[in-house]
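Residue numbers (this note's numbering): 1 to 295.
Don't read these hints as lab results, they were simulated from the structure. It cannot be assumed that every hint is accurate.
[To be verified] Subject to a maximum C-alpha distance of 25 Å in a straight line, what follows is the list of computed BS3-like cross-link-like pairs (lysine-lysine):
{"#": "1", "residue 1": "285", "residue 2": "145"}
{"#": "2", "residue 1": "105", "residue 2": "283"}
{"#": "3", "residue 1": "292", "residue 2": "105"}
[Claimed, not checked] Here are the simulated distance ranges between beta carbons:
{"#": "4", "residue 1": "43", "residue 2": "161", "range": "16 to 26 Å"}
{"#": "5", "residue 1": "145", "residue 2": "282", "range": "57 to 67 Å"}
{"#": "6", "residue 1": "234", "residue 2": "125", "range": "21 to 31 Å"}
{"#": "7", "residue 1": "85", "residue 2": "282", "range": "23 to 33 Å"}
{"#": "8", "residue 1": "86", "residue 2": "65", "range": "24 to 34 Å"}
Positions of the beta carbon are idealized from the N, C-alpha and C atoms, including for glycine.
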Amino acid sequence: MNFDIEFMDWRKIPSLAGLRAFEAVARRRSYSAAARELNVTEAAVRQHLRGLEDFFGLSLVHRSGRGIALSDPGQKLAASVASGFETLLSGIEDLQRDDALRPLKIALTPAFAENWLMPRLGRFWAEHPEIETELAPSLRLVDLKSDGVDLAIRYGHGNWPGTRAELLASAEYLVVATADLMAGRTAASLAELRDLPWLFEDSRREHQVWAAERGIDFHAAQNRFYPTNSLVLSAVRAGYGLSLQARALVERDLQAGALIQVFSEDPGTLGYYMVTLPEPRAKLKVLLRWLKAAA
Numbered sequence: 001m002n003f004d005i006e007f008m009d010w011r012k013i014p015s016l017a018g019l020r021a022f023e024a025v026a027r028r029r030s031y032s033a034a035a036r037e038l039n040v041t042e043a044a045v046r047q048h049l050r051g052l053e054d055f056f057g058l059s060l061v062h063r064s065g066r067g068i069a070l071s072d073p074g075q076k077l078a079a080s081v082a083s084g085f086e087t088l089l090s091g092i093e094d095l096q097r098d099d100a101l102r103p104l105k106i107a108l109t110p111a112f113a114e115n116w117l118m119p120r121l122g123r124f125w126a127e128h129p130e131i132e133t134e135l136a137p138s139l140r141l142v143d144l145k146s147d148g149v150d151l152a153i154r155y156g157h158g159n160w161p162g163t164r165a166e167l168l169a170s171a172e173y174l175v176v177a178t179a180d181l182m183a184g185r186t187a188a189s190l191a192e193l194r195d196l197p198w199l200f201e202d203s204r205r206e207h208q209v210w211a212a213e214r215g216i217d218f219h220a221a222q223n224r225f226y227p228t229n230s231l232v233l234s235a236v237r238a239g240y241g242l243s244l245q246a247r248a249l250v251e252r253d254l255q256a257g258a259l260i261q262v263f264s265e266d267p268g269t270l271g272y273y274m275v276t277l278p279e280p281r282a283k284l285k286v287l288l289r290w291l292k293a294a295a
């Protein structure tokens with residue numbers, strides 16, 4: 001659509017609330033019926049009409065018997081207002097229709113997508129074939145509005161201003177390894193595991209902090225580093241070393257016996273949160289309920 005008007009001079013347009021009240025009165029031919037439709041008082045409707053008449057300096061309605069009728073100027077304005085509102089409604093419905101057909105865009109880390117969401121998402125597709133989803137795995141922190149993201153699964157404490165955050169999965173930290181690597185060995189503390197190789201995601205700052213706080217030499221010669229957590233997990237499953245992981249990312253490995261839990265910590269409020277705008281659309285609410293149940 002081309003817009004030929006360079007700018008809208010709103011000084012030439014009366015109150016939109018007044019126009020809305022006038023449209024209802026013109027259609028209903030009744031102040032009280034218009035008030036009920038708009039869920040306002042009849043006095044408010046009459047006040048809006050007086051404001052419009054003052055704006056134009058014209059009489060728009062007059063009493064006719066037990067009802068009201070439109071003056072000639074009122075009839076012209078009613079036709080223009082009805083046409084304008086119909087055009088506006090059509091544009092809104094087109095936009096809503098396009099939005100309803102758009103897939104739900106989900107932003108999350110590659111590791112969470114691979115290890116937590118993808119093994120479950122097939123069931124959601126089977127139960128809700130009418131709802132399309134689009135995954136956007138990335139380590140980048142997205143902006144829900146500007147990036148057109150419906151749902152972001154974020155790691156943290158759930159305090160992101162201007163959003164609605166609900167805990168999806170606890171981020172309880174576990175130290176995991178294969179049973180073969182541990183060879184029956186147990187440890188009462190992490191200090192007893194310093195001699196074993198540790199596997200880290202090299203760009204993950206929280207791993208470095210965690211290791212330093214617990215007396216583990218992050219840069220020890222036997223330790224290995226990988227560019228993504230997915231590669232770290234693959235290396236752990238292959239028996240190359242120990243790894244610090246959130247329970248949500250390794251629970252399937254633990255259940256299957258591919259990995260064993262060597263050590264754990266209380267996560268407090270730390271976890272993976274479902275983050276949306278304050279008013280999620282209807283089909284997103286369906287996905288949020290489903291994810292919460294799946295967790």
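Verification of the hints:
With a CA separation close to 17 Å, the supplied pair residue 285 and residue 145 stays within the 25 Å bound. Taking the CA atoms of residue 105 and residue 283, the gap is about 12 Å. The hint holds against a cut of 25 Å. For the hint linking residue 292 to residue 105, the alpha-carbon distance of about 17 Å falls within 25 Å, and the restraint holds. At about 40 Å, the beta-carbon gap between residue 43 and residue 161 misses the expected band of 16 to 26 Å.
At roughly 19 Å, the beta carbons of residue 145 and residue 282 sit outside the given window of 57 to 67 Å. Separated by about 26 Å at the C-beta atoms, residue 234 and residue 125 satisfy the suggested range of 21 to 31 Å. As the Cβ distance of residue 85 to residue 282 is approximately 25 Å, the hint placing it in 23 to 33 Å holds. Between residue 86 and residue 65 the C-beta distance comes to about 29 Å, which sits within the given range of 24 to 34 Å.
Checked against the numbered hints above, the structure violates hints 4 and 5; every other hint is satisfied.
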